[in-house]
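Using the supplied hints, reconstruct the complex from the two chains, each of which is provided in its own coordinate frame.
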Amino acid sequence: MKQLVSKIRRYLRLYFYFARFSLENVLIYRINSLLIGLAPIIWMVTTVIFLSVIFKGTKEIGGWSFWELLLLTGIQEIIYLASWTTFLGNLINFIYSVDSGKFDLTLLRPVNHRFFVSFGALDITSILSIVNSVVLVSLSLANLKFSFSPDRILLFLFGLIIAYLVIYLLSFILASFSLFWIKGENFIRWLMETLDFDRYPAEIYSDWFKVFLLTFLPILFLGYVPTGILLGKLPGYFIFFGILIVAWLYIVSTLIWKKGLKNYQSASI
Amino acid sequence: MRKYWAVFKISWQNAVEYRAEFLGHMMLGLISLLVMYFIWSAVFKNREYFGNYTFSSMMTYMILVRFLHFVKRSNVGRQIAEEIKEGRLSVYLTKPVSYLRWWFASFLADRFFEALLRILMLFTFLLLFPKVFNFPGISRFLMVLFFLTISLLVNFLFNLFVATCAFFVTDIKLFHTSLFLIVDFLAGGQIPIDIMPGFLKTVGNFLPFQFMVFFPVKIYQGEFSLFQILQGIFICFFWIIFLGYFLRMFWLKGVERYEAVGQ
Chain A
1 MKQLVSKIRR
11 YLRLYFYFAR
21 FSLENVLIYR
31 INSLLIGLAP
41 IIWMVTTVIF
51 LSVIFKGTKE
61 IGGWSFWELL
71 LLTGIQEIIY
81 LASWTTFLGN
91 LINFIYSVDS
101 GKFDLTLLRP
111 VNHRFFVSFG
121 ALDITSILSI
131 VNSVVLVSLS
141 LANLKFSFSP
151 DRILLFLFGL
161 IIAYLVIYLL
171 SFILASFSLF
181 WIKGENFIRW
191 LMETLDFDRY
201 PAEIYSDWFK
211 VFLLTFLPIL
221 FLGYVPTGIL
231 LGKLPGYFIF
241 FGILIVAWLY
251 IVSTLIWKKG
261 LKNYQSASI
Chain B
1 MRKYWAVFKI
11 SWQNAVEYRA
21 EFLGHMMLGL
31 ISLLVMYFIW
41 SAVFKNREYF
51 GNYTFSSMMT
61 YMILVRFLHF
71 VKRSNVGRQI
81 AEEIKEGRLS
91 VYLTKPVSYL
101 RWWFASFLAD
111 RFFEALLRIL
121 MLFTFLLLFP
131 KVFNFPGISR
141 FLMVLFFLTI
151 SLLVNFLFNL
161 FVATCAFFVT
171 DIKLFHTSLF
181 LIVDFLAGGQ
191 IPIDIMPGFL
201 KTVGNFLPFQ
211 FMVFFPVKIY
221 QGEFSLFQIL
231 QGIFICFFWI
241 IFLGYFLRMF
251 WLKGVERYEA
261 VGQ
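Going down the list, the sequences are from chains A and B. In terms of our numbering, the first sequence is numbered consecutively and its last residue is 269. In terms of our numbering, the second sequence is numbered consecutively and its last residue is 263.
Simulated from the structure, these hints should not be mistaken for lab results. You may find that some hints are simply not true.
What the hints assert, rightly or not - Which bits of chain B does chain A cover? Going by a derived footprint, with three or more residues having C-beta under 8 Å, they are: (1) 134–144; (2) 149–161; (3) 172–179.
To be verified - Okay, the calculated beta carbon distance ranges per label pair: (4) ALA121/A <-> GLY51/B: 43 to 51 Å; (5) GLU256/B <-> LYS102/A: 33 to 41 Å; (6) LEU116/B <-> LEU128/A: 36 to 44 Å; (7) SER98/B <-> ILE251/A: 48 to 56 Å; (8) LEU116/B <-> LYS102/A: 44 to 52 Å.
Quick reminder that beta carbons are idealized off the backbone N, C-alpha and C, glycines included.
Excised from the complex, chain B in its bound form (with noise of 0.2 Å):
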């Protein structure tokens, strides 16, 4: 266990290593609220509700999903299938250290860092524009963290499973590009999953993308029965045992099949 500690210390610093980084990452979640805030104050302005939603209810969604980011960010998938494809996973390979739970360690130390970031991030928005966000008390904020603990894993799990598709056809650079704007979106990225047009409603509630985003944020907005909440906890566990197993299968039958070519 103390050497992924490490990892993850090592990680951490890497991430803190650079301000002007630090400063650049925050900027980027406030523009794309700002953006949003004036095409959804552009929507709102002769209206009161949009499905379900008013102004602040719609706001604090959009607000809950750049806090979100953090979980449903693709980096690590992308991270390995390169190393697969240079041949630099053989590095690991040779090393006493298990490669998925190094991996796990260091996406453990970047989401956290992404996490107080986003916080900030949130505060700083939150800020310039009080009257916009909702805020249903700290329980129900810390519920969705606990969510989020799940949540993170689901998505830890479904990048390694992108990421093992390298062993099979060495590049994956424009394939994952593809499939995670499709995940973004049908997570609730965008637009929230409930007013999607009808089949991609169902499509998004079936798949577990949903709980990276959607689910979470719904948590915090009052709208899931604890029922509902303990059966969305339930399927996330089945996801995470699913996409467990076969990248398990797929791993192992990847690195059989690994040729550690490239560097």
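Chain A on its own, in the form it takes in the complex (with noise of 0.2 Å):
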């Protein structure tokens, strides 16, 4: 126990070492420094252009109004910048890193290859955007007349954690694919764009592709299915088909990733 403490503290203060070593690397040129967090705004403001002009034309999509889906898209974007924040550019790296060989130098560090290739580093410019994000959250919850039940509050922040760790075994698992097919960021990129069909509710897809984006790809266990719980449109026990999807992925991750470093040849340079 005491090992246990001591090891989770070790890993605590290199995680905090990280961070402020990230913060440095961006603040170092001062341009970044005053356009920190602008490219979400960006993207933010076109999404809501795009969704007015949308709206103009019709009430609902696939029975949800203009609010609920702008509050599906700030979730969603929560999730999505919190991923940037943590993990997201460290596994880009950890790619690119697999094709120069510079992996190496990974392997040769007196710490946890898994989480240094996953949280080695801090992207500190998605912080500030999550403000964003939970602004935009807050002013649809404004708009929308639903009331608040505590068991569904506690559902949706279990459904946050089940996304965020969804979006990272995803991640990790196309990224561990690089060990294997060497140049692998297009995987990644892949994934990114798959995360637009969880922009917009599932009610809108066919059967089978709802089914298929809940479980083979659940890339919907982002924003679509916190918010259907929050909204009370989907049923709680959607959280224990999250945790059941969780604990598969993380099982098909760990596989992956041993079986990719057996692989690993370390090419390159």
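Below you can see the structure in the form of structure tokens.
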């Protein structure tokens, strides 16, 4: 027990140094200090414009109103930005390091390699942007007239944790493929692109496609499931499905990672 | 000219080197097309028209937007800015080559490769959803392709123009990402400019970004007269001269200021 506590403390301290180093790295350039968080604001504004144009011609899409869709957008964006802040950039760098052979250096470090390639740096630029998403979520909630219940909020919070774990595990699995195919950056880009399916209510998709997005490529757990639960559009047992999906993805990711490490050939440079 | 042809060939070989990446690249465009298909199907569920668009004309627009992705891509600007920041530009400055022509050759190879990918993606999507795409004939398609050569030049110059900012502020990554999100939107990459809210429509029609997406698609859809097309080409050339002039000015000033820090 004592050993475990000291291990956790060691990794937390390490993570603190990663965060400090990442912040210094961004703020070293003055223009970055001024523009930090601007891109997600622009993305959000263009998305809101896109949705407002679409809703000029219709009152609802797949049974979801304008404000419900904005809530979905905001919640999904919070998860997406949290992912960028903590691990997505690191996994992309990991893919490049496999391509260039620099991954050898990571393997020599006295730290858990999976932890290091996933959480070795923080993208501080995304942290402030989460505030915009929170504003969007608050604005949407204020315009939606529904009553909260504590159990629904609790399920929603569980949903957010599952969402974060699902996107992490999916990204990690795809990044680990680079240990087999070397050039793997497109796999992550491909995943980022599929997240668009989760920006809209799943009711607009055909039934088989919806099942596909809830099981084989479970990206609907990022925004659609937590939002659906919060709005009372989805039953609470989706959280149970989510836990099963997370467990399954964890097993798969560990198997692929271990097999990938054996397969790594340290090519290039 | 031969040395730039060699750069073109090397860049082409780089692009086709990894097959999994090739496949992944194609998948990217298909996914966003599928999303658009579902969302616009939902919008058109209970109506025939949205603005001046029918479902098939809107889908044709969206399909062509994905096809034209290769025209509005901005990776060249980012790569050049990175070379300036890292000090790798020095390597080129000491060689008997024009750095900008070098990049132009590489840019063309890259875009040519992506254009082929996008055509493949287009056909794959048409096989899956044959009824949603309007094909007005090969001559209109060729006219668009001709116009795209001018659009590519506008994009290349704009990319370089943005990259030169790296001489003055060193790291432009955040600026670049933010700027190109706006460019994509104002080019008509998410929604056609003619259904944008009033103020944005005016801005979109004024800036050159429309020539990367909205304008060529409208040529394809036969919504412009010959006079309007010629007018568009004329405006494009104006922007090429404008960007070219300021690019040269900033580039020379930038190289003067360049300190080759970094590696």
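Structure-based check of all given hints:
1. For the region 134–144 of chain B, the stated coverage by chain A is violated: 0 residues have a C-beta nearer than 8 Å to a C-beta of that chain, whereas at least 3 were required.
2. Given as covered by chain A, the region 149–161 of chain B fails the check, having 0 residues with a CB less than 8 Å from a CB of that chain where 3 are the minimum.
3. Using a Cβ-Cβ cut-off of 8 Å, 6 residues of the region 172–179 of chain B lie near chain A, which meets the minimum of three, so the contact claim holds.
4. Checking the proposed 43 to 51 Å range against ALA121/A and GLY51/B shows it holds: the Cβ atoms sit about 45 Å from each other.
5. At about 35 Å, the CB distance of GLU256/B to LYS102/A agrees with the hint of 33 to 41 Å.
6. The supplied range of 36 to 44 Å is met by LEU116/B and LEU128/A, whose beta-carbon atoms lie about 40 Å from each other.
7. For SER98/B paired with ILE251/A, a C-beta distance near 55 Å keeps the hint of 48 to 56 Å intact.
8. The hint said 44 to 52 Å for the Cβ distance between LEU116/B and LYS102/A, and at roughly 31 Å that hint is violated.
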